[in-house]
Amino acid sequence: MSSAPLLQVRGVARRYAMRRGLLGRSIDVRAVDGVSLTVEHGRTLGLVGESGSGKSTTGRLALGLEPPDDGDVMFKGAPIPPAGTLAWRQLRARMQMIYQDPLGALDRRLSILEQVREPYDVHGLGEAGERDAMATALLQAVGLRADQGSRYPHELSGGQRQRAVIARALATKPDLLVCDEPVSALDVSIQAQVVNLLVDLQQELGLGLLFISHDLKVIRQVSHRVAVMYLGRIVEEGDADLLLASPAHPYTEALVSASPVPGRRARPRIVLQGDPPNPAARPSGCAFHPRCHAARERCKVESPRLLPLPDGRLTACHVAHDQANFLKAAS
Amino acid sequence: MTGLTSRETSPLVAIRDLAVSFDGVKVLHGIDLAIHRGEAVGLVGESGCGKSVTWLAALGLLPKKATISGSVMLDGGELIGAAPATLDSVRGGRIAMIFQDPASALNPVIKLGRQVGEALALHGGLSGKAIRAEAKRLFDLVGIPDAARRLDAFPHELSGGQNQRVMIAMALAGKPDILVADEPTTALDATIQAQILELLTRIRRETNMALVLISHDLGVISETCDRVCVMYAGRIIETAASEALFAQPLHPYTQGLLAALPPLEGVRRRLVPVEGNVPEPWNLPPGCSFAPRCPRRVEACAMRVPLLAPKTADRRAACIMTPSLAQPQHRPEPVYA
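Line order of the protein sequences matches chains A and B. Here the first sequence is numbered in our numbering, starting from 1 and rising by one per residue. Here the second sequence is numbered in our numbering, starting from 1 and rising by one per residue.
No lab work stands behind these hints, which were simulated from the structure alone. The beta carbon of each residue, even a glycine, is placed where N, CA and C say it ideally should be. Incorrect hints may appear among the rest.
Unchecked claim - Far from chain A, by Cβ distances over 10 Å, these chain B residues were calculated:
1) Ile203
2) Ala247
3) Arg268
4) Val274
Unchecked claim - In silico lysine to any residue, SDA-like type, Cα no more than 20 Å apart, as pairs:
5) A:Lys76 / B:Glu265
6) B:Lys136 / A:Gly274
7) B:Lys175 / B:Ile131
8) A:Lys76 / B:Gly93
9) A:Lys217 / B:Arg270
10) A:Lys217 / B:Arg137
11) A:Lys217 / B:Thr186
12) A:Lys217 / B:Ile131
13) A:Lys173 / B:Arg114
14) A:Lys217 / B:Lys136
15) A:Lys217 / B:Pro263
16) A:Lys217 / B:Val267
17) A:Lys217 / B:Lys175
18) A:Lys217 / B:His156
19) A:Lys173 / B:Gly266
20) A:Lys217 / B:His216
21) A:Lys217 / B:Ala247
22) A:Lys328 / B:His216
23) A:Lys217 / B:Ala259
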């Protein structure tokens, strides 16, 4: 194993052209705006944010499914080849993706076993005669019964389908799984089964996970590190427990406090005013300042950079850094 | 606690033994539920447990193929089998309902003001300029910024959270006694969800309207409701005051749901999933529907369906393995060597 990180996303940006109205001028919408993140071998990076924050686009950029307009993506220290090339297709066996909706990811006309077997056929893995047995072993590894391989997607429950999707993703023995809201469509009791399965598989197979979700509770459960996105940028990144127990960025703080927990809550809920802004009309300075309780004059004009705080995490917030500097000067 | 005092007065809505079948398959197996003025009741459960069907049946909103039995009394009047005209005045007038996806509940080609105005003309008996003034008042009430201008906007011009506010404004047009909110924040972002839940709670306090919140999210229910009913496979299996239920769940299913939920604070531990799957309504196990997944099951669980029986003074659970704590136990705990 090389010493280079499994996945390194370096300053990637993705812009889409958007036209307002029939004759409107086309404007650039920066869906992802200079995002850097690292997934280590066998570790999980949780990527959290609200709809439109660019977290799914970041996942697609990480896999090379979309070319970045700026920046680059390195897999095991080497740049990812352009999508569609033979080298990229070979590399894609090493990195797989799991989506929210397993029914949409599966082919309704093929049995589960045929679909889990398909990657072996596509990538020419194993002897043709052994592939059914290999696929059945995979099904059992994700907690499905061998006889469920002959079922069709609609004959399985949501949780079982997601297990089938995970089995298929594991067929090529990938090093990296990008999971985009993998348990959001599942009921609570089933969600726990799939979360445990992903954690177990990671420990057994040494998978690196990029785990994208809007659900902070699930993110905390699976992640070693967490990155919080707001309007196409990472606003805070660091150790999962540290970040969620004592958020430094006011947006992370609001997200944590808005996450509903059963039973008595330990701290009061912060209710943010206003909607997440439109990426096409990005506020000046810090994009979060119109909704931020701590915003100052400086936040309206100067965009904060993602810089380390003394405890090691990265935060893009003038106020948090001013406080840290003040404490350092005082001690 | 408001729940106990209000229970002495007669309930606003009393649901008795409400059952629903689709094509001969029973999906709701006799629900008993009383809603009192001004209280917030949560119905929580996983998909297919019947939490939405209960209210769709009560309001006559189910398709014709549904067979409904039992009784839903609103202020002494029966709703099940009531004349369409009666139901028309109840729906939106006495009991309003909002749903998960505001974008599909609103008409995309009609201005928001007119859509709210329609509800006002129908249930408020208003006309002309009074409609617009009242619509603006409602928009202000639900916190839509720049309300006067938003009356002339179309649904696509507003965000999901703002559209849900419009839906709430429309639901309030008939000054309902009960608002049934079916997964009102499930399609919304976390920070917007917090706004809408706060809005629903504020309106309930200000207008003394009862709120029935239907959700799969235990956290959402816990933070919004006084009283909670947990549903499983078409039955209420536990009901209690919200605080008591989440502090000490009695039914093994409720315990399982809470154990399956990752915590946001404290030590990370491996999740304890509820093993197996929710049974299909046409393939229910004999006796307690939860028994095949239950860690505490005994043979007797498969014999007959457990009653929703009192376990303490103000809480009930449908489980024969949950001891009744109605009488305080004075026996000292046995000491083991």
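Hint check results:
1. Residue-level check passed: isoleucine 203 of chain B sits 15 Å from the nearest beta carbon of chain A, beyond 10 Å.
2. Residue placement check: alanine 247 of chain B does not keep its beta carbon more than 10 Å from all beta carbons of chain A (closest about 6 Å).
3. The claim that arginine 268 of chain B lies off the interface is violated: its Cβ sits roughly 7 Å from the closest Cβ of chain A, which falls inside the 10 Å cut-off.
4. Not every beta carbon of chain A lies more than 10 Å from that of valine 274 of chain B, the smallest distance being close to 4 Å; the non-interface claim is violated.
5. As the CA atoms of lysine 76 of chain A and glutamate 265 of chain B are separated by approximately 34 Å, the hinted pair breaks the 20 Å bound.
6. For the hint linking lysine 136 of chain B to glycine 274 of chain A, the alpha-carbon distance of about 19 Å falls within 20 Å, and the restraint holds.
7. Under the criterion of a C-alpha separation no larger than 20 Å, the hint pairing lysine 175 of chain B with isoleucine 131 of chain B is consistent with the structure, at around 14 Å.
8. A distance of roughly 63 Å separates the Cα atoms of lysine 76 of chain A and glycine 93 of chain B; the hinted pair therefore is violated under the 20 Å criterion.
9. Taken as a hint, the lysine 217 of chain A and arginine 270 of chain B pair is honoured in the structure, with Cα atoms around 13 Å apart against an allowance of 20 Å.
10. Between lysine 217 of chain A and arginine 137 of chain B the CA atoms are separated by roughly 38 Å; this puts the pair beyond 20 Å, and the hint is violated.
11. Pair hint lysine 217 of chain A plus threonine 186 of chain B holds up; C-alpha atoms about 16 Å apart against a cutoff of 20 Å.
12. For the given pair, lysine 217 of chain A sits about 44 Å from isoleucine 131 of chain B by alpha-carbon distance, which is inconsistent with the 20 Å threshold.
13. Taken as a hint, the lysine 173 of chain A and arginine 114 of chain B pair is broken in the structure, with Cα atoms around 57 Å apart against an allowance of 20 Å.
14. Simply put, lysine 217 of chain A and lysine 136 of chain B have alpha-carbon atoms about 38 Å apart, too far for the 20 Å limit, and the pair is violated.
15. For the hint pairing lysine 217 of chain A with proline 263 of chain B, the CA-to-CA distance comes to about 6 Å; that is within 20 Å, so the pair holds.
16. Between lysine 217 of chain A and valine 267 of chain B the alpha-carbon distance is near 12 Å, which keeps this suggested pair within the 20 Å criterion.
17. Between lysine 217 of chain A and lysine 175 of chain B, the direct Cα distance comes to roughly 37 Å. Violation of the 20 Å bound is thereby established for this hinted pair.
18. Distance restraint check for lysine 217 of chain A and histidine 156 of chain B: the Cα-Cα separation of roughly 31 Å exceeds the 20 Å cut-off, and the hinted pair is therefore not satisfied.
19. The suggested pairing of lysine 173 of chain A with glycine 266 of chain B is violated, with an alpha-carbon distance near 34 Å, which exceeds 20 Å.
20. Distance restraint check for lysine 217 of chain A and histidine 216 of chain B: the Cα-Cα separation of roughly 15 Å lies within the 20 Å cut-off, and the hinted pair is therefore satisfied.
21. For the suggested pair lysine 217 of chain A and alanine 247 of chain B, the alpha carbons sit about 19 Å apart, so the restraint of at most 20 Å is met.
22. Only pairs whose Cα atoms come within 20 Å are accepted, and lysine 328 of chain A paired with histidine 216 of chain B is rejected, the gap being roughly 46 Å.
23. With a C-alpha separation of about 13 Å, the suggested pair lysine 217 of chain A and alanine 259 of chain B falls inside the 20 Å cut-off, and the hint holds.
When each numbered hint is compared with the structure, violations occur for hints 2, 3, 4, 5, 8, 10, 12, 13, 14, 17, 18, 19 and 22.
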